[in-house]
Amino acid sequence: MNAQKWLTFRLDETCYCLPVQQVREVSHFQQPEPVPGAEATVAGIINQRGDVVTVLDGRTLLGLAPQEATDDSRIMTLELEHEVVGVVVDQVQEIIELDSAEIEPPPEAQRLILGTYQQGDSLLVALNPDQIGKLPEADG
Numbered sequence: 025m026n027a028q029k030w031l032t033f034r035l036d037e038t039c040y041c042l043p044v045q046q047v048r049e050v051s052h053f054q055q056p057e058p059v060p061g062a063e064a065t066v067a068g069i070i071n072q073r074g075d076v077v078t079v080l081d082g083r084t085l086l087g088l089a090p091q092e093a094t095d096d097s098r099i100m101t102l103e104l105e106h107e108v109v110g111v112v113v114d115q116v117q118e119i120i121e122l123d124s125a126e127i128e129p130p131p132e133a134q135r136l137i138l139g140t141y142q143q144g145d146s147l148l149v150a151l152n153p154d155q156i157g158k159l160p161e162a163d164g
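Every position in the sequence shown, counted from 1, becomes a number in my numbering once 24 is added.
Simulated from the structure, these hints should not be mistaken for lab results. Watch out, some of these pointers could steer you wrong.
Claimed, not checked - Restraint ranges, calculated between C-beta atoms of paired labels, are given here:
{"no.": "1", "residue 1": "54", "residue 2": "145", "range": "13 to 23 Å"}
{"no.": "2", "residue 1": "134", "residue 2": "37", "range": "29 to 39 Å"}
{"no.": "3", "residue 1": "135", "residue 2": "61", "range": "18 to 28 Å"}
{"no.": "4", "residue 1": "63", "residue 2": "130", "range": "20 to 30 Å"}
{"no.": "5", "residue 1": "146", "residue 2": "59", "range": "17 to 27 Å"}
{"no.": "6", "residue 1": "146", "residue 2": "75", "range": "33 to 43 Å"}
{"no.": "7", "residue 1": "62", "residue 2": "123", "range": "31 to 41 Å"}
{"no.": "8", "residue 1": "54", "residue 2": "126", "range": "33 to 43 Å"}
{"no.": "9", "residue 1": "59", "residue 2": "92", "range": "18 to 28 Å"}
{"no.": "10", "residue 1": "49", "residue 2": "134", "range": "19 to 29 Å"}
{"no.": "11", "residue 1": "123", "residue 2": "64", "range": "30 to 40 Å"}
Computed from a prediction, not measured in an experiment: that's the story for all the values here. Glycine is no exception: its CB is placed at the ideal position from the N, C-alpha and C atoms.
Given the sequences, and given the hints that come with them, work out the whole structure.
Quick look at the structure:
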């Protein structure tokens with residue numbers, strides 16, 4: 025068994041997860057400052073302990089309809105390969121252990137989805153953290 029710890033969170037009615045070792049922190053939602061001309065997935069920037077962090081909208085990133093932040097909304101700060109980014113999620117849930125061998129590959133080649141895992145009656149979608157910071161190039 026190749027167990028790894030994952031942080032679970034919700035966007036809409038779907039539960040997603042990311043490897044814990046790439047999550048630097050989870051903080052209450054604070055409204056990011058908009059960045060003129062930024063991609064639609066960029067919610068803005070925040071100052072996090074003196075560091076400027078780009079914040080991505082998790083809903084837009086995964087093709088979901090935008091929604092106003094609620095009391096349950098959080099910003100997950102992720103340490104990616106070459107950068108630190110925040111991702112706005114609807115709700116952070118818990119840390120679980122998953123055997124990576126039990127994660128089923130996605131039905132189609134999708135950039136952000138690593139695979140799925142059946143957890144009891146729920147389907148958990150494992151995201152590929154290496155793809156989160158790779159925004160599409162702007163057409164120009």
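Structure-based check of all given hints:
1. 54 <-> 145: 13 to 23 Å: About 34 Å separates the Cβ atoms of residue 54 and residue 145, which means 13 to 23 Å is violated.
2. 134 <-> 37: 29 to 39 Å: violated (18 Å)
3. 135 <-> 61: 18 to 28 Å: holds (23 Å)
4. 63 <-> 130: 20 to 30 Å: holds (23 Å)
5. 146 <-> 59: 17 to 27 Å: With a Cβ separation near 35 Å, residue 146 and residue 59 fall outside 17 to 27 Å, so the hint is violated.
6. 146 <-> 75: 33 to 43 Å: 35 Å Cβ-Cβ, so the 33 to 43 Å window holds.
7. 62 <-> 123: 31 to 41 Å: holds (38 Å)
8. 54 <-> 126: 33 to 43 Å: holds (36 Å)
9. 59 <-> 92: 18 to 28 Å: With a Cβ separation near 19 Å, residue 59 and residue 92 satisfy 18 to 28 Å, so the hint holds.
10. 49 <-> 134: 19 to 29 Å: holds (27 Å)
11. 123 <-> 64: 30 to 40 Å: holds (36 Å)
Hints 1, 2 and 5 from the earlier list are contradicted by this structure; the remaining hints agree with it.
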